[in-house]
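For chain A, the structure is supplied; the task is to place chain B on it using the hints.
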Amino acid sequence: MAQASIDRAGSTLTIDDLRGDRGRTRKEAVARGLLSAAGGFSILISVLIVYSLVRETWTFVTQVDWSLVWGDGWFPRRAMYDIKTLVVGSLIVTVVGIAVAGPIGVGAAIYLSEYASRRVRRFVKPTIEILAGVPSVVVGFFALTFISPELIQRFREGTPQQTMFAAGIGVGVLIIPLVASISEDAMRSVPRSLREASYGMGAKKATTVTKVVLPAAVSGLVAAFIVAVSRAIGETMVVFIAAGKSGGALFETNPFEPGLTMTAAMASIASGTDSVVGEALTFQSLFFVGMLLFVITLSLNMVADRFVRRVRHKY
Amino acid sequence: MANRTGATVSMDVGDLRDDSTTRSDAGNEDARAPVFQVDDLSVYYGSFRAIRNVTLQVEQQQITAFIGPSGCGKTTMLRCFNRMNDLIETARVEGCVAYHGVNLYEPGVNPVEVRRRIGMVFQKPNPFPKSIYDNVAYGPRVARMKGDMDEIVERSLRRGALWDEVKDRLKSSALGLSGGQQQRLCIARALAVDPEVILMDEPCSALDPIATGRIEDLMEEIKTEYTIIIVTHNMQQAARVSDMCAFFTTEVNEKSDTRTGLLIEFDRTEQMFSNPSDERTENYVTGRFG
Numbered sequence: 001m002a003q004a005s006i007d008r009a010g011s012t013l014t015i016d017d018l019r020g021d022r023g024r025t026r027k028e029a030v031a032r033g034l035l036s037a038a039g040g041f042s043i044l045i046s047v048l049i050v051y052s053l054v055r056e057t058w059t060f061v062t063q064v065d066w067s068l069v070w071g072d073g074w075f076p077r078r079a080m081y082d083i084k085t086l087v088v089g090s091l092i093v094t095v096v097g098i099a100v101a102g103p104i105g106v107g108a109a110i111y112l113s114e115y116a117s118r119r120v121r122r123f124v125k126p127t128i129e130i131l132a133g134v135p136s137v138v139v140g141f142f143a144l145t146f147i148s149p150e151l152i153q154r155f156r157e158g159t160p161q162q163t164m165f166a167a168g169i170g171v172g173v174l175i176i177p178l179v180a181s182i183s184e185d186a187m188r189s190v191p192r193s194l195r196e197a198s199y200g201m202g203a204k205k206a207t208t209v210t211k212v213v214l215p216a217a218v219s220g221l222v223a224a225f226i227v228a229v230s231r232a233i234g235e236t237m238v239v240f241i242a243a244g245k246s247g248g249a250l251f252e253t254n255p256f257e258p259g260l261t262m263t264a265a266m267a268s269i270a271s272g273t274d275s276v277v278g279e280a281l282t283f284q285s286l287f288f289v290g291m292l293l294f295v296i297t298l299s300l301n302m303v304a305d306r307f308v309r310r311v312r313h314k315y
Numbered sequence: 001m002a003n004r005t006g007a008t009v010s011m012d013v014g015d016l017r018d019d020s021t022t023r024s025d026a027g028n029e030d031a032r033a034p035v036f037q038v039d040d041l042s043v044y045y046g047s048f049r050a051i052r053n054v055t056l057q058v059e060q061q062q063i064t065a066f067i068g069p070s071g072c073g074k075t076t077m078l079r080c081f082n083r084m085n086d087l088i089e090t091a092r093v094e095g096c097v098a099y100h101g102v103n104l105y106e107p108g109v110n111p112v113e114v115r116r117r118i119g120m121v122f123q124k125p126n127p128f129p130k131s132i133y134d135n136v137a138y139g140p141r142v143a144r145m146k147g148d149m150d151e152i153v154e155r156s157l158r159r160g161a162l163w164d165e166v167k168d169r170l171k172s173s174a175l176g177l178s179g180g181q182q183q184r185l186c187i188a189r190a191l192a193v194d195p196e197v198i199l200m201d202e203p204c205s206a207l208d209p210i211a212t213g214r215i216e217d218l219m220e221e222i223k224t225e226y227t228i229i230i231v232t233h234n235m236q237q238a239a240r241v242s243d244m245c246a247f248f249t250t251e252v253n254e255k256s257d258t259r260t261g262l263l264i265e266f267d268r269t270e271q272m273f274s275n276p277s278d279e280r281t282e283n284y285v286t287g288r289f290g
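Protein chains in written order, with this note's numbering: chain A, 1 to 315; chain B, 1 to 290.
By construction, these hints were calculated from the structure, which means they are not laboratory data. Computed from a predicted structure; not experimentally measured. Accuracy of the hints is not assured; some may be wrong.
Claimed, not checked - Under the rule of at most 20 Å between Cα atoms (straight-line distance), these lysine to aspartate or glutamate pairs were calculated in the EDC-like manner:
| hint | chain 1 | residue 1 | chain 2 | residue 2 |
| --- | --- | --- | --- | --- |
| 1 | A | K204 | B | D86 |
| 2 | A | K205 | B | D86 |
| 3 | A | K125 | A | E114 |
| 4 | A | K125 | B | E89 |
| 5 | A | K204 | B | E113 |
| 6 | B | K130 | A | E196 |
| 7 | A | K205 | B | E165 |
| 8 | A | K205 | A | D185 |
| 9 | B | K146 | B | E165 |
Claimed, not checked - Stretch-level coverage of chain A by chain B, calculated; a stretch enters the list once three of its residues show a Cβ under 8 Å from a Cβ in chain B:
| hint | region |
| --- | --- |
| 10 | 193 to 203 |
| 11 | 212 to 219 |
Note that the Cβ used here is the ideal one computed from N, Cα and C, for glycine as well.
The shape of chain A in the complex, shown without the other chains (with noise of 0.2 Å):
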C-alpha cells in the first residue's frame, strides 16, 4: 500500500496526493471508449439501414409512374406495384393474429402472475419460452399442414389451404410467447400492496384483476399489444409459407383467399432463382415497401414509448 504513510497531522497535503493513480485513470479511459464504441455501433448499423433504404427508395419514388402503385395488384416484374394490395394484406395477417395472441397471451398471463401455484408456474412458464424459440419456419409449415386443413378446411369447406387467415393464425401462434411474457412481466411489477388493499376490502380474485391488477398494468400491457403487431406486421416466415401468394397478387379483402403481405412480397423478391432483371425498378420496388415497413414499426413504437411514457403509474 503506497499511500500508507498518509500524513495525519495535514500539514504537507499537496494537490499530488489527491491525484490518483495514472494508469488507472487511464484503464478507465479506455474502457470507457470501448463500451461507448459499442453503443455507437448500434447507432451506426440503424444509420447505415436506414441509408440503404432511403437510396434506392429514392430512385423508385422518383423514376416510377405514380399511376402504376395504385391498381389492381402487385405484380413487380410486370411494373404493376399496387401497394394497397401489399398493405390490406398485411392488415388482414395482423388483425388475425393479434385476435390469436392478444386473448391466449394476456389470458396466459393473467394465470401465471395472478393464478398459477408456484409449482405450476415453474412448469409452464418455460414451456411458454420453448414456443418463443420455435423457428418462424416451423410455425409456417405447422400452419401450413395442421392449422389450415385440421381446422380452417374443416369449419369452412372450399377454402384453400394456403390463405391469409392460416397465416395470421400461425403469426398469432408465434407471438403469443411475446405477448404473454410482456404482459406477465407488467402484471407482477404491480405492487402487492394493491391487491392486498382488494382483498382486504372483500374483493373476489376476478374482480381485483380486473378492477385493480390489469389498470394498474396497462402502461405495459399496451405495450405489449405494440410490440405484438409491429412482429406481426413484420413478420415474413409464416406468411411467405401459408399465405399463399408469393411473386404476385391481386387485390384481396378476404381473409379466406390467397394474399400477399409487405413482408412476403419482399422475400419472393429477395429470394429464388428468377433473379430480377426484367422491369427496372422491380428491385427497387422492394425498398420501397421496406422503407414503408420500416416507418409504420418505427412509427408504432414510438406511439407506444409515448403512450407507456402518459399512462405509467408511479406507486
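Chain B in isolation, oriented as in the chain A frame:
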C-alpha cells in the same frame, strides 16, 4: 350497518358462506360477548412456526393493541383475523379464531365474506392509482352496496377525517395526497364497506408525528362504532389509544435456530403499563428490552 349499537351479533357459518347476502339480526345475549375468541392458535409458514398457542379475546368497540419486538408474529396474528394469511401459499393455521362464535377457519367459510366484515389498514399507505373518489367507492362497488355512491363516499371521507381536505378534488389522483392523507384515505376506504372490525397493521409507522396524531384522534372517534385491533411498534401509541393490550415476544427454537412468537401477557392497557404481571412485559414497556 345494522348490528353495531352495542347489541351482540349472533352469527353462524351460514352468514359467511359464499351465497350469503344478509346478516342475521341482533341477538340479546350478554352485550359484552367478545367479537373474537382466539383459542390455542398457531401459524406456520411451511415448516416454520411463526406463532404458537395464542389464546385471547377481543371485545366489541374497544381498541386492542398488539405490541412486541420485531418478528414476534404480531402482524401474522393480525392477519389471521380476516384470513389475509390465505394469500401466502405456504401459510397454515392451527387452532381456532372464532368470530361471534363461528370459527373463521372452518371449511365452508368464504374469506371474501369474512373480509367484508373485517376490514384492514396496512403499514404503508396503499391507495389505488385511481382518483380519491374511486378509491373510496371501490369497496362499495365491489360489494354491490345499495344507496347513493356520492353519499357513501362523502360519509366515509368524513369518518376518515379527510373530507374537508379533499372535497374539492375528489376526481384527482389519490397518489397526489401526502402520506398522512393517503393513510386516512385508506382508512376511509376500509370504512366505506361498513365493516364491524378494523385491523390496523402499524398504520402510523410510515408517518410523521403530526399525521400520526391525526390518525390516533381518528381511531378514538371511530371506536364508538367499530372494533379496532392495532399492531404497533410504538409503545406510547399503544398506551395512548388502546383499551386492551397484548404483549408478544419471541422464543428461540434450539433445534432449527428460528424464532417463534408467543403471547406473554394480555390485559387492560393501564394494567399492562403500570403494573404488568410478567417480568418480560415490564422489561419491554419500560424500554429495557426490544
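Each hint, compared with the structure:
no. : hint            : in the structure
1   : A:K204 - B:D86  : holds (13 Å)
2   : A:K205 - B:D86  : holds (12 Å)
3   : A:K125 - A:E114 : holds (13 Å)
4   : A:K125 - B:E89  : holds (18 Å)
5   : A:K204 - B:E113 : holds (10 Å)
6   : B:K130 - A:E196 : holds (16 Å)
7   : A:K205 - B:E165 : violated (33 Å)
8   : A:K205 - A:D185 : holds (19 Å)
9   : B:K146 - B:E165 : violated (26 Å)
10  : 193 to 203      : holds (count 11)
11  : 212 to 219      : holds (count 3)
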